[in-house]
Amino acid sequence: MSARPQNIGVKAIEVYFPSQCVDQAELEKFDGVSEGKYTIGLGQSKMSFCDDREDIYSMSLTTLSSLMRKYDVDPKSIGRLEVGTETLLDKSKSVKSVLMQLLAPHGNTNVEGVDSVNACYGGTNAVFNSINWIESSSWDGRDAAVVCGDIALYAKGAARPTGGAGCVALLIGPDAPVVFEPGLRGTYVTHAYDFFKPDLASEYPMVDGQFSLKCYTEAVDACYKAYGAREQTLKQKTQNGANGAEQDETKTPLDRFDHILYHAPTCKLVQKSFGRMLYNDYVANPTHPAFAEVPPELRDLDYEKSLTDKNVEKTFMGMTKKRFNDRVKPSLDVPSLCGNMYTATVYGGLASLISNVSFDPSQPKRVGLFSYGSGLAASMFSVKVVGDVSSMAEKLDLHNRLNARNVLPPQAYDEMCVLREHAHLAKNFKPSGNTETLVPGAYYLTEIDDMFRRKYEIKA
Numbered sequence: 026m027s028a029r030p031q032n033i034g035v036k037a038i039e040v041y042f043p044s045q046c047v048d049q050a051e052l053e054k055f056d057g058v059s060e061g062k063y064t065i066g067l068g069q070s071k072m073s074f075c076d077d078r079e080d081i082y083s084m085s086l087t088t089l090s091s092l093m094r095k096y097d098v099d100p101k102s103i104g105r106l107e108v109g110t111e112t113l114l115d116k117s118k119s120v121k122s123v124l125m126q127l128l129a130p131h132g133n134t135n136v137e138g139v140d141s142v143n144a145c146y147g148g149t150n151a152v153f154n155s156i157n158w159i160e161s162s163s164w165d166g167r168d169a170a171v172v173c174g175d176i177a178l179y180a181k182g183a184a185r186p187t188g189g190a191g192c193v194a195l196l197i198g199p200d201a202p203v204v205f206e207p208g209l210r211g212t213y214v215t216h217a218y219d220f221f222k223p224d225l226a227s228e229y230p231m232v233d234g235q236f237s238l239k240c241y242t243e244a245v246d247a248c249y250k251a252y253g254a255r256e257q258t259l260k261q262k263t264q265n266g267a268n269g270a271e272q273d274e275t276k277t278p279l280d281r282f283d284h285i286l287y288h289a290p291t292c293k294l295v296q297k298s299f300g301r302m303l304y305n306d307y308v309a310n311p312t313h314p315a316f317a318e319v320p321p322e323l324r325d326l327d328y329e330k331s332l333t334d335k336n337v338e339k340t341f342m343g344m345t346k347k348r349f350n351d352r353v354k355p356s357l358d359v360p361s362l363c364g365n366m367y368t369a370t371v372y373g374g375l376a377s378l379i380s381n382v383s384f385d386p387s388q389p390k391r392v393g394l395f396s397y398g399s400g401l402a403a404s405m406f407s408v409k410v411v412g413d414v415s416s417m418a419e420k421l422d423l424h425n426r427l428n429a430r431n432v433l434p435p436q437a438y439d440e441m442c443v444l445r446e447h448a449h450l451a452k453n454f455k456p457s458g459n460t461e462t463l464v465p466g467a468y469y470l471t472e473i474d475d476m477f478r479r480k481y482e483i484k485a
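Under our numbering, the residue at position 113 of the sequence shown is numbered 138, and the numbers go up by one with no gaps.
Treat the hints with care, as some may be off.
As the list claims (entries may be wrong) - Cut-off 20 Å, straight-line C-alpha distance, at most; resulting in silico cross-link-like pairs (SDA-like, lysine to any residue):
(1) K62 - Y179
(2) K339 - G66
(3) K484 - K409
(4) K420 - D358
(5) K484 - A451
(6) K95 - G57
(7) K260 - K239
(8) K118 - P223
(9) K116 - V142
(10) K222 - A251
(11) K480 - A437
(12) K276 - N350
(13) K276 - K262
(14) K346 - D385
(15) K339 - P311
(16) K409 - V204
(17) K390 - K339
(18) K335 - P314
(19) K118 - K95
(20) K260 - T212
(21) K409 - R255
(22) K62 - P435
(23) K339 - D358
(24) K239 - K390
(25) K390 - L209
(26) K347 - E274
(27) K335 - D325
(28) K480 - Q126
(29) K262 - E274
(30) K293 - K262
(31) K346 - D325
(32) K409 - F153
No lab work stands behind these hints: they were computed from the structure.
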């Protein structure tokens, strides 16, 4: 039997976002809120959105077909295809089955995987399943493809500026330039009604905003601790540990990561969460020299109080400000300029990082990833960038594509939301959205028949 596959990771990446967006500063004026509420308070610059011409099927088809085209992927070389999404159009039929239109005509129907659903976490579950498949006896030697994407919409009100839309496709296989660290994960799953979608007649979720922020912070804490515990276990089994950053007395465990990516409901929450991880280091070792300036009253703070304590938040955001700008901010182009893409958000962060940082294969870099989905499920894991990713950055062409979007007025965004409301659950329906703004190669909806079957065309 041949040796097991090594260096399993990301071999190709593509991100798709709709060709129109709204400026958050203009949305502030339109909504009549204070200047900076969305741009500074939430850390958001623009928000992608789509009309009734695009849905989760079309966006997934667009993204995967673009990845296959740019990387010249043989359709027969994909042995597993899994989708992560919470944008559901059918209670039975998977998005993955729709994507088989890209593989089956080429004679490839022997493809494992279906959809993973749990709020924003489904993409990560699909990634884990793909890694596990390649590591297992079920692997047939082919690569796995993961598609994750969503259309994030909220009813009028405080949550509406935290929407977004987009999709990411990943090709996962052995001998990759971006390698998942084997066996190194920490997960936290519990029952919570923080954000959920029980009303199938609406695209809009039920959201308990403050509770959801608390749940997210608890998940950051739990996953960071579980990841650290797992890392120690693995270290005891091998002579090689992490990159040795902890051995420098000026460093804390947070410094073992060269970069960290987060699920980003808002970019401000990401900044707070990076500081929160350093707070976890402080709680674990308050006498560490790095914490000499921390106010002593924070040392014995009750855990529940720490979740909402503004002094904790301010202290550790301040202590991590430079590290945040160096290590986290390069990953925030897609989250800040497209908004929340739900399952795709953390992987949009990976696309941003690859596009903004010049990685040297002779000096591998460690990147932590924190993925969160309400309800709730969360994980922390990591990758090592060990190969040349410059061609990935070139194929992504991220900055040019972001800048080429049409910035529409907030009124147009409101009108698009109404269009989508009318299209939701419709049959015998023909969309009215403008196809002229779509990028070449984009799939778009042309009709929903009397049995709810959807038909698409490709923009020339």
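- Can you give the numbers of the hints that this structure goes against, from lowest to highest? Hints 3, 5, 6, 7, 10, 11, 13, 14, 17, 18, 19, 23, 24, 29, 30, 31 contradicted; others consistent.
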